[in-house]
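Protein chains in written order, with the working numbering: chain A, 955 to 1645; chain B, 955 to 1645.
For the record, the hints were derived by calculation from the structure and aren't laboratory data. Treat the hints with caution; some may be incorrect.
[Unchecked claim] DMTMM-like, lysine to aspartate or glutamate: derived pairs with alpha carbons at most 25 Å apart:
1) A:LYS1151 with A:GLU1045
2) B:LYS1166 with A:GLU1305
3) B:LYS1585 with A:ASP1553
4) A:LYS1539 with A:ASP1553
5) A:LYS1235 with B:GLU1116
6) A:LYS1235 with B:GLU1305
7) A:LYS1120 with B:ASP1159
8) B:LYS1166 with A:ASP1307
9) B:LYS1151 with B:GLU1116
10) B:LYS1166 with A:ASP1159
11) A:LYS1539 with A:ASP1345
12) B:LYS1585 with A:GLU1116
13) A:LYS1166 with B:ASP1159
14) A:LYS1078 with A:ASP1093
15) B:LYS968 with B:ASP1021
16) A:LYS1585 with B:ASP1107
17) A:LYS1585 with B:GLU1110
18) A:LYS1235 with B:ASP1307
19) B:LYS1585 with A:GLU1104
20) B:LYS1585 with B:ASP1524
21) B:LYS1235 with A:GLU1116
22) B:LYS1235 with A:GLU1305
23) A:LYS1166 with B:ASP1307
24) B:LYS1166 with A:GLU1580
25) B:LYS1204 with B:ASP1259
26) B:LYS1047 with B:ASP1259
27) B:LYS1585 with A:GLU1110
28) B:LYS1585 with A:GLU1123
29) A:LYS1151 with A:GLU1176
30) B:LYS1051 with B:GLU1041
31) A:LYS1147 with A:GLU1102
Protein chains: 2
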Amino acid sequence: MSEQDTQQDSPSGKDPLVIFTPSGKRGRFPAGTPVLQAARSLGVDLDSVCGGRGICSKCQITPSYGDFSKHGVTVHPDALSDWNKVEQRYEDKRGLKPGRRLGCQAQVLRDVVIDVPPESQVHKQVIRKRADTREIIMDAATRLYFVEVEEPDMHEPTGDFERLAKALESQWGLTGVTAELSLMARLQPVLRKGGWKVSVAVHHDHTGAAPKVIEIWPGLHEGGLYGLAIDLGSTTIAAHLTDLEDGTVKAASGVMNPQIRFGEDLMSRVSYVMMNPGGDKEMTQAVREALSVLASELAEEAGIDPSLIVEAVVVCNPVMHHLFLGIDPVELGQAPFALATSSSLSLPTAELDLTTINPRARAYILPCIAGHVGADAAAVALSEAPEQSDDLVLIIDVGTNAEILLGDRTRVLACSSPTGPAFEGAQISSGQRAAPGAIERVEINPETKEPRFRIIGCELWSDEAGFDAEAAASGITGICGSGIIEAVAEMRMAGILDGSGLIGSAEQVGTPRCIAEGRTHAYVLHDGSAEGGPLVTVTQGDIRAIQLAKSALYAGARLLMDERGVDKVDRIVLAGAFGAHISTKHAMVLGMIPDAPLDKVTSAGNAAGTGARIALCNIGARRTIEANVRKITKVETAIAPAFQAHFVAANALPHATDPFPELGKVVTLPKVSFNAGGEGGGRDRRRRRRG
Amino acid sequence: MSEQDTQQDSPSGKDPLVIFTPSGKRGRFPAGTPVLQAARSLGVDLDSVCGGRGICSKCQITPSYGDFSKHGVTVHPDALSDWNKVEQRYEDKRGLKPGRRLGCQAQVLRDVVIDVPPESQVHKQVIRKRADTREIIMDAATRLYFVEVEEPDMHEPTGDFERLAKALESQWGLTGVTAELSLMARLQPVLRKGGWKVSVAVHHDHTGAAPKVIEIWPGLHEGGLYGLAIDLGSTTIAAHLTDLEDGTVKAASGVMNPQIRFGEDLMSRVSYVMMNPGGDKEMTQAVREALSVLASELAEEAGIDPSLIVEAVVVCNPVMHHLFLGIDPVELGQAPFALATSSSLSLPTAELDLTTINPRARAYILPCIAGHVGADAAAVALSEAPEQSDDLVLIIDVGTNAEILLGDRTRVLACSSPTGPAFEGAQISSGQRAAPGAIERVEINPETKEPRFRIIGCELWSDEAGFDAEAAASGITGICGSGIIEAVAEMRMAGILDGSGLIGSAEQVGTPRCIAEGRTHAYVLHDGSAEGGPLVTVTQGDIRAIQLAKSALYAGARLLMDERGVDKVDRIVLAGAFGAHISTKHAMVLGMIPDAPLDKVTSAGNAAGTGARIALCNIGARRTIEANVRKITKVETAIAPAFQAHFVAANALPHATDPFPELGKVVTLPKVSFNAGGEGGGRDRRRRRRG
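All chains should be built: construct the whole structure from the sequences, respecting the hints.
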């Protein structure tokens, strides 16, 4: 019926020509051919759930009339058949946008140009806020199909499910669909209630395993299908409730990972298991329950029935991966850091005790890259696609563990680095989580050594008029991760710290804010003691904690650069807490990340979460990341001698000047040094800290 | 390395010739080739679990020495390499039968003839008691593999499971194995305990879905693998605990189906669901719990760890099928008798709440043929293979429902017939289940009209000396299904019944044993009232119940014969209670089954249970029955007008004489008739019975 090209090639040259935009696909079809049918013949991406029965309205198109010289046609007003009863019924009931027709009803009569609007495309592009990211094209694993099922016949006895499967095959080309017992148990009343017309949600496995019927509704289901993109962090669990039809985020929320009560960082959780046999089961239950609660809260926020959540994609680090899956993570706590399983997993969410969503929903867990480089790093790789980069890109995702990727089209390397929780405000004397009252931004005047800061929940700087009144609600309670990084960097730029990280005395620095604390000094950022508030200081111990963390991060990046044989990278992508909260400039002052031109340093936000969303919205992305993960060169920091060397070398604080003066104040300070040991003696200092 | 034929074709004609018996396969191999390797190259069926490591002893072979003129070789005593240390270690530890060698250790040095004993064959033939049945060749879905797994390597990080999968692929050719989460959780400690040498049970899906690792043990697992063949009847649940290596039955047991408390027959259980919403869930739980208990009892009886039970095959009628699977059976109670699903099912036993066996065990449920013709009928078809019969065979399986198959190589037809529970002693005035004290055999002297009988639990007939003493233990308590059938048939042959099924009066028959009971008469089989025991009679109501049941059975068989266009069949196979308990002769006297020469009537025992065992032992049988079921012509008795006609016509009791006098006493009776209506007025009599 279709002819895959222009009239010159056509044996029936007088059939009307149909040109689809924006695809430009064209062909000739006999007069009377429905537009939907023409679109399908040509492989034009025009949606339909009801299969052309005029009830789902997914196939809306806009015919264009007039002279289309670039296409070589003139479209007459009678190019399509008249507006029909089905369209009128739909118009009366729901309304169609002006100029729209239903593609399954409008028939081609003369040459015509037909525009497929974005919302009528099956493989819609997801609108994303960042301009610099790759497109997400909708191609969800779970899709809705409307089918008419043959009624049972005693003379040709087959099961209702077998006739449903036959309908899916004949009407949608789906072969060999299967279903769980619980779906079989729902089947018969729903088929009869729908008068043998039903909508089914079918999950397509990306590995090619048999498609599974997840849910069934009588008649046309118009409630939508939803999925959860879950970023299961050591500290925070974040989830995006996503529309599986157009990729829009209907609700997003995060909760604390309840496993924190078993240990702040991953290794302390592994230790908990070692010390408490069965402790892994407690942690597994805790995180699964938290996810179930989070899912139902998101559904409530979005105002949807939680049973419409039919998929979940989960990304996480290896320890969280094992603890979520119910696998004892003890092997991840010791060399050779063997994962129980590293491949992606596709399984029922019921096996993960996600009790609040559809009981037949499916989970997809991204693959792990190595024992220390998890599915979260894979998700970052999926989101940032270093393997598609023409220039050499360094991608750093900072959490309690840092995931680091380095690569380009030729080769991608990955490692993780145990930065510890200092960047999140933990293990800092005045540290606290990011919450109202926490100091998050810091500036120190290099002349006066006086600080100004901002706290979370208040738009004003501390030296601006009205700050005290606005800050009164929360008070000034402590300093969070981004605040401590800025404070340390500003202290260095203001000459309060020397290159080895030592805080000078009041005399050395020239400010009474440097106070003695045992054998070392501390810098007073805020003294609320007069009003009964806290004394917020940055102690020598805090400096050391930040130095250890940033050394680990830097050493990881350098290790990958060594492996790749380069001294510098073309660009840097900062993901996770970086970019969102941590100031790039201050990070570079601290030497957290290798130097790079500031315009070559970009922020990717929650790249792991974005990777989870991509895998949720596009089934092909699952195959992509699984293939890419196999190609990534894994570098294990724990056993690389070079990592130790880089770690020690990175202990110093290199910049005594603002590396990007054009962005703010220009500061040039003399080299300062308070201790005899000079710069770079990281090992000595570490020993001293232990003493 | 191998050469697939004789020396003429061989380029290296001087290599030793190896001839395997009983297969006759032969080839030349370089001196030093292990026998196991030669066997594998030639496709000789020689077992090995450890893959030739000399630890499993499955590859035992017997070399033959001397002159083998029929094979054209002379085997010298030094044809194989010397007995080695590995063989000596095995001999010391376990002992080898005289003349045996380990095929993986013994190397071919000169021409040799090697016998593979039956127990060393992978595809062993299962020894079955009946001579007339098809072979079962062992080819179980779940098999044991010993593998050596690569240790984890930080430089090439992969999960332990991925390395196990790789080992199964490289050492056993199994590709793409998967596992459930709970296996992943067991994996790491077992791999380390076994020093990276483990045994795994792998389930192969007959549909070609990915093989699944079901269980893992450190080192060589020698505890065996077991499966359950389950015949889930309306009244009785029977299970055979079967060794998956050689097919032997380790324990067999049956329990009452606890659903009986919801209704004796299937339709009363369906009614229970209709009257009690949620009643199906109660029944599902009851039968699943009974099966779990039965499984653990069987394991205990056989002295095996129940976690070694890794498979279950289930056959049952459609209502039991749905109730077991957790599907409301209400649609099966009304036309068009639509099954929720008719295909075979392969699923985790955990979904069926079989909690006492291996938590990752797999269940296989045979396909249903139609809404009234279930997986039990499919199992009978698998066991009796009518599609392979050269002559036309009628297969009848009597339970509370009767399954009837008719066919040969050209075509097979199937139906079920609602005989009701009368054949099992239910709905009979003195009826009882088959238990000690129940009358099970009856003879009536046609001259004196005096009966003699046997009861269950006593070897003597009631008129033999010592009977009273032996029967005293149980007493004479009632009459069971086989007893009532014999009683009615004997009453007919003795002239106590007329052709329409009416019992004559004492005067008409000439015996005081015919007593008045309302408007009809009853025959006293046993009067224990003097000793305080029961009066066991056969009432007119009992006769009617048996007539209805036998008419239904006969009508079903006739309906299939009509469909096939035949008046008689070449042979009859009786399965289920038939043959095992019901006398073939008496069944034919009653007209339960079409007439056939007695030597063409055989008994198949529990054919449905045998079908379950076949499907358990041989994965190919699953494909076979699934293909055959699709080809069977389903005949629905409930809507066939011919069935009603046959039913009415079959109401009469045709034989007034023993149809097989050569087998016993010769009886020729005058035609007897006690009522004016004469023979054949079935409809009148049914109306009267209702009045």
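Comparing the hints with the structure gives:
| no. | hint | result |
| --- | --- | --- |
| 1 | A:LYS1151 with A:GLU1045 | holds (22 Å) |
| 2 | B:LYS1166 with A:GLU1305 | holds (16 Å) |
| 3 | B:LYS1585 with A:ASP1553 | violated (72 Å) |
| 4 | A:LYS1539 with A:ASP1553 | holds (11 Å) |
| 5 | A:LYS1235 with B:GLU1116 | holds (23 Å) |
| 6 | A:LYS1235 with B:GLU1305 | holds (22 Å) |
| 7 | A:LYS1120 with B:ASP1159 | holds (22 Å) |
| 8 | B:LYS1166 with A:ASP1307 | holds (22 Å) |
| 9 | B:LYS1151 with B:GLU1116 | holds (15 Å) |
| 10 | B:LYS1166 with A:ASP1159 | holds (17 Å) |
| 11 | A:LYS1539 with A:ASP1345 | holds (22 Å) |
| 12 | B:LYS1585 with A:GLU1116 | holds (16 Å) |
| 13 | A:LYS1166 with B:ASP1159 | holds (17 Å) |
| 14 | A:LYS1078 with A:ASP1093 | holds (8 Å) |
| 15 | B:LYS968 with B:ASP1021 | holds (19 Å) |
| 16 | A:LYS1585 with B:ASP1107 | holds (17 Å) |
| 17 | A:LYS1585 with B:GLU1110 | holds (11 Å) |
| 18 | A:LYS1235 with B:ASP1307 | holds (22 Å) |
| 19 | B:LYS1585 with A:GLU1104 | holds (20 Å) |
| 20 | B:LYS1585 with B:ASP1524 | holds (21 Å) |
| 21 | B:LYS1235 with A:GLU1116 | holds (24 Å) |
| 22 | B:LYS1235 with A:GLU1305 | holds (22 Å) |
| 23 | A:LYS1166 with B:ASP1307 | holds (22 Å) |
| 24 | B:LYS1166 with A:GLU1580 | holds (21 Å) |
| 25 | B:LYS1204 with B:ASP1259 | holds (13 Å) |
| 26 | B:LYS1047 with B:ASP1259 | holds (24 Å) |
| 27 | B:LYS1585 with A:GLU1110 | holds (11 Å) |
| 28 | B:LYS1585 with A:GLU1123 | holds (21 Å) |
| 29 | A:LYS1151 with A:GLU1176 | holds (14 Å) |
| 30 | B:LYS1051 with B:GLU1041 | holds (12 Å) |
| 31 | A:LYS1147 with A:GLU1102 | holds (13 Å) |
Going through the hint list in order, the structure does not satisfy hint 3, though it satisfies all others.
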